[in-house]
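S.K.: At position 288 of the sequence shown (counting the first as 1) the number is 288 in the working numbering, and the numbers step up by one without a gap.
Hints are computed from structural coordinates only; laboratory data are not their basis. Please note that the accuracy of each hint is not assured.
[To be verified] List time: in silico DSSO-like cross-link candidates among lysine-lysine, alpha-carbon distance up to 27 Å: (1) Lys383 to Lys97; (2) Lys328 to Lys356; (3) Lys383 to Lys356.
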Amino acid sequence: MEHGIFTYAWDLDAEGYDAALGRIADAGFRTVNLATQYHAGKFLLPRNRRRRVYFQEDGAVFFRPDENRYGRIRPRVHSLVGDGESPVERVIREGAKHGLSYTAWTVCLHNTWLGERYPDTTMHTAFGDPLVHSLTPAHPNVREYLLALVGDLVSRHEVAAIQLESPGYMGFMHGFHHEIIGVELDEVQRELLGISFNLVEIAGATDAGIDAKGVRGRVAAALDACWNDGVALMADGEPTDAARAVLEDADTIAYLAWLVDQEISLLEELRAVVRGTSPATAIWHFAALNGSERDARLIATGDGILAGYAASDDDARQRAARAAETGKRVRGAIRAIAPDTTDPATVEPLVAAWSKSGVEGIDVYNYGLMPGTIWNAVGAALKGETWT
Numbered sequence: 001m002e003h004g005i006f007t008y009a010w011d012l013d014a015e016g017y018d019a020a021l022g023r024i025a026d027a028g029f030r031t032v033n034l035a036t037q038y039h040a041g042k043f044l045l046p047r048n049r050r051r052r053v054y055f056q057e058d059g060a061v062f063f064r065p066d067e068n069r070y071g072r073i074r075p076r077v078h079s080l081v082g083d084g085e086s087p088v089e090r091v092i093r094e095g096a097k098h099g100l101s102y103t104a105w106t107v108c109l110h111n112t113w114l115g116e117r118y119p120d121t122t123m124h125t126a127f128g129d130p131l132v133h134s135l136t137p138a139h140p141n142v143r144e145y146l147l148a149l150v151g152d153l154v155s156r157h158e159v160a161a162i163q164l165e166s167p168g169y170m171g172f173m174h175g176f177h178h179e180i181i182g183v184e185l186d187e188v189q190r191e192l193l194g195i196s197f198n199l200v201e202i203a204g205a206t207d208a209g210i211d212a213k214g215v216r217g218r219v220a221a222a223l224d225a226c227w228n229d230g231v232a233l234m235a236d237g238e239p240t241d242a243a244r245a246v247l248e249d250a251d252t253i254a255y256l257a258w259l260v261d262q263e264i265s266l267l268e269e270l271r272a273v274v275r276g277t278s279p280a281t282a283i284w285h286f287a288a289l290n291g292s293e294r295d296a297r298l299i300a301t302g303d304g305i306l307a308g309y310a311a312s313d314d315d316a317r318q319r320a321a322r323a324a325e326t327g328k329r330v331r332g333a334i335r336a337i338a339p340d341t342t343d344p345a346t347v348e349p350l351v352a353a354w355s356k357s358g359v360e361g362i363d364v365y366n367y368g369l370m371p372g373t374i375w376n377a378v379g380a381a382l383k384g385e386t387w388t
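Please model the complete structure; the sequences and the hints are all you need to start from.
M.R.: Pasting the structure below:
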């Protein structure tokens, strides 16, 4: 089996690329899933000797882009790229010494830094508010940017695989810095708030024969009535008549389907770029495996599925079985940090369960976030040793 480790450039840089990648290889990994474009975050780094808390430069890329490829939206380059080799170049060069290949773990449309600078290219609520944490796959500038980014990356670097995270609409809930919501949001409210009504989307759906403006008006009216007039949208765990009047409306259904079409068509174009530039680069998706049509269409645009973080032996078997039904390559995953993993003794059973399920490898999250005891347990489990 070929195992991969999710990692960040700031951890490799602090430890030294050769030392860190050597340690990763010694633990039994064969691929380094380097965050190549990544969102903001506040990270606690229990084993980092340079810093124990790190604030990521929001939305930055970790390679040196060819600026001539980009249009209106241009990438933010991380400070670690500097004037010398970029983190991507260093992972490729130093990793080869240890038998490691590079996988481009790429966050696609979750980019607040870009969203704040180009708010017209983001998701918008039914009230017209930009959701700057999520670019919309329907906007031509966004599509141009992401296609240029992926083409830039795979044309100039030896990329064994690319893992596409957040390639579509992110919805309303995000966990934003100091996010303050004074309304108890039920499932229906969250769904309605997460329907995007960017002007580009309204125009495109209208051209497709959908009453997009009418859908926007009904969604806004339902939310307003819920918040200010006490009209319930859920009761006893089910949508109310008021909610169903919106969600089951023919134009709403058609509009939601149109939005999914934008996500899938972007992924199809990304696949064409990768295939036309670097045919050997595999495309992996983080799949929900929920049986939905959207999930099935997303899976169809890639070569393989990351089957999610297993919570138990049985969960790993079930996830692997569902993923195998798609006919795609399948990898398992372990979230080896709290709250999923706090006891080192729980690591080996999960590794064993994934191994027995027939997946081609296991991807472990995350090198720099794991405390020492968990990291040691992961290495022991991958090598078939007993952790002590």
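S.K.: The structure should be examined with respect to each hint, and the outcome stated for every one.
M.R.: Now for the hints, and whether the structure bears them out:
1. For the hint linking Lys383 to Lys97, the alpha-carbon distance of about 20 Å falls within 27 Å, and the restraint holds.
2. Distance hint between Lys328 and Lys356 is fulfilled; the C-alpha atoms sit about 18 Å from each other, no more than 27 Å.
3. With a CA separation close to 15 Å, the supplied pair Lys383 and Lys356 stays within the 27 Å bound.
Checked against the numbered hints given earlier, this structure breaks none of them.
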